[in-house]
Amino acid sequence: MPINLKSRLSFRGGVHPPQCKVLTQDKEILPGPSIKEAVILLSQHTGAICQPLVNKGDTVQAGQKIGDSEAFVSAPVHAPFAGKVKEISLQSHPVIGRCLAVVIEAAQDTTPRPPFFKLSPDFDENTYSPEQICDAVRRAGIVGMGGAGFPTRVKIEPNPQLPKHTLLINSCECEPYITCDYRIMLEWTDQIIAGAILAGRAAGSSNVYFAIEDNKPLAIETISTALEKHGRSNNTKVVPVKTKYPQGGERQLIRAVLNKQVPTGGIPPVIGVVVLNVATAAAIADAVINNNPLIHRVVTVTGEAVSNPGNFYVPIGTPIEDLLNFCGGLTRQAARVIIGGPMMGIAIADMKTPVTKTTGAITVLSQEQISRAELQTPCIHCGRCLKICPERLNPTKIAHAVKNYFWDVAQNYYISACIECGCCSYICPAHIELTGYIKTGKVFLARQKKKMPA
Amino acid sequence: MFSNITVAPAPHIDERLSTRRIMADVVIALLPAMVAAGYYFRVYGLVLIIVCVAWSMATEWVCNLLRKKPNSLTDYSAVVTGIILALSLPPALPLWAAAIGSIFAISIGKMVFGGLGANIFNPAMVGRAFLTASFGLLMTTWTVPATIDPQMSTIGPAKMLDARTQATPLAWSKTAIKKELNAKVYAKEQITPAFTGEVGGCTGETSAIALLLGGLYLLLKRTIDPRIPLAVLLSAFIFASIFYFLNPDSYVNPFFHLTTGGLLLGAFFIATDPVTAPLTIKGKWIFGVIIGTLTMLIRIAGEYPEGVMYAVLLGNSVRPLIDRFCTPIPAGGKPRA
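Chains A and B, in that order, give the protein sequences. The numbering of the first sequence is the numbering used here, which starts it at 135 and goes up by one. The numbering of the second sequence is the numbering used here, which starts it at 5 and goes up by one.
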């Protein structure tokens, strides 16, 4: 099947930040550092926070469940290696500030071994029932590994009211710098294909699409060839999409690939679509076929201010400090350490913050690279933010409403429809932190509605 | 190793764009028009520009001192206001009047509202409107371009010369229509000089080609939104065409309207002033059409030969209303309440 490598499939709006993927895109996934202790946060997902299942001083085995919750929207956490529970205490969390965590002291060398996975020719997804797959996914604690961390079981579980006819495997990786998903596509091709097929089986999707940005021709080719080789190219297809940020936003991706629009305030299943990240697909295969919990992930350590950038396979719970030291430390220009990419990532101050299930990258930027909010000037109403907003909102109006506590105005301009992609702040010539204001406004409004603790 | 680490909300990178860069681009785009002004009106044109820019900057500096605000001259917006004001004034205007216009433009047109980004009306047009209201005679005294008459004699509003050494082409066409002269013949004769700029008129408005070059630069650099100039020029052209086709003898050629007067300067540099133009995409079209049609309405039906200034000011005044009615609908449609 000839593949068109340049794609025009896209959404309206968006920006073109510098890709900067050359730093790590050709670096193989290597085992990460051997660490002394891991910090397993009990909230690594959207939904109910887990309760610890172990006590201080307990001995734990690799892959042992150490935290779980009764709630439907939740995912258990597991010990990444054998060791002893050193303490159960509050630790830095990249998103919610502080969170209860289980600290595990390693018993021996913890250097992880990247998985070796081969799709056997007689692999048949029909030997697994949807219930089996969903249970395995839940047991393994799999959540969306692209960043949002929504429990995957909830996503793929069949729902008679909302049949999910299409499964999109989000392989865009539109954030600059990050290459973990790209390396997974090249190196773990069989595993993600198996995961995608299993997820499609569980959700009852007849069509499975791998949506890949056209700046990754090698990945497009690798996956297409593999699909053909396994005889899966009938209902599993590779769809190249235009390279643009935020192409990997699920609402934008659905618009680009299927030319359908998820209604404002709605979720993709409303129009019969499930979107999963490629790393999640890989984890599903590992969980269902090998019965392994999600205790490792690939993290890209990148940025011009890191001495030796690369892609590493590390236990979840690895403190970021250890990872940065393993990469030769930071250069003197380092000014910001970001969990995730530069567009949506979260800047951290505590380097002991651990890697979570959703940490795809650690990006370190230098002083010259970071945006300069201290140069903020008044809004000149140029309208650039309106033009590039992928959700077609009025970012400057919402941000200034938040700034002045005009909550009704912010809501009239659909503050809740913002996907926080950061395009408006990126493009703003006045250096106004529009996305920052909008995020703040959302938190304020959620608190007013008592959805979030103060 | 971690001593210089800072935190801030995402995104952590930005497009290396700034308000200053945008304003500097506008100044660069105005260069051809300034060169044309220097070529056709020699020292008059250049000194006028320098005086307007200097007084605009001085006024902004003093206003910031009085308001106890940080100096805002570095955003170059005062320079842009000064240049646009100078280009829209008659070349022979006494320099004291130009200074008064600049002071009024910056202080009342911009700083009383709170400085850049807060003004309702285009400051340069506020300054020009003030001068038109105060010194009507000076504002309608024109100069013959130096390339025609090295003496650069001035022409009062009442004085009628032959087709090449006239007041402004628009004023002439107006009189011609009134006196039932043949406007068609006149326009044909004047369209090439109006394109190059060898006609009487405001300092920077005479040379259509220089303004088009600047406009093209702004469009290529994506400094301005193409919708506003397009809407202004198209609506003006259509409006003028309708009258032209109804009665070609008493209305001038629409192309003549496009190349003369302040229409090009207005379309590319004045109406596109981001602060006083609508934010929304639909709003930009509406705003452009309002300015284009009003300009033509004033030119064709009004008493003034020129209408860009009032059209822009009227357009500015309805800008908040336009934005209110053009709230963009989210990509996923309006949420169900």
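It should be emphasised that the hints constitute simulated quantities derived from the structure, not laboratory data. Careful, some of the hints might be misleading.
Across the chosen pairs, the derived CB separations fall in these ranges [said to hold, decoys possible]:
{"id": "1", "chain 1": "A", "residue 1": "A282", "chain 2": "B", "residue 2": "L224", "range": "37 to 43 Å"}
{"id": "2", "chain 1": "B", "residue 1": "P339", "chain 2": "A", "residue 2": "E221", "range": "41 to 47 Å"}
{"id": "3", "chain 1": "B", "residue 1": "I246", "chain 2": "A", "residue 2": "S340", "range": "55 to 61 Å"}
Just so it is clear, CB atoms sit at the ideal spot from N, CA and C, and this is done for glycine as well.
Structure-based check of each hint:
no.	hint	in the structure
1	A282/A - L224/B: 37 to 43 Å	holds (39 Å)
2	P339/B - E221/A: 41 to 47 Å	holds (45 Å)
3	I246/B - S340/A: 55 to 61 Å	holds (57 Å)
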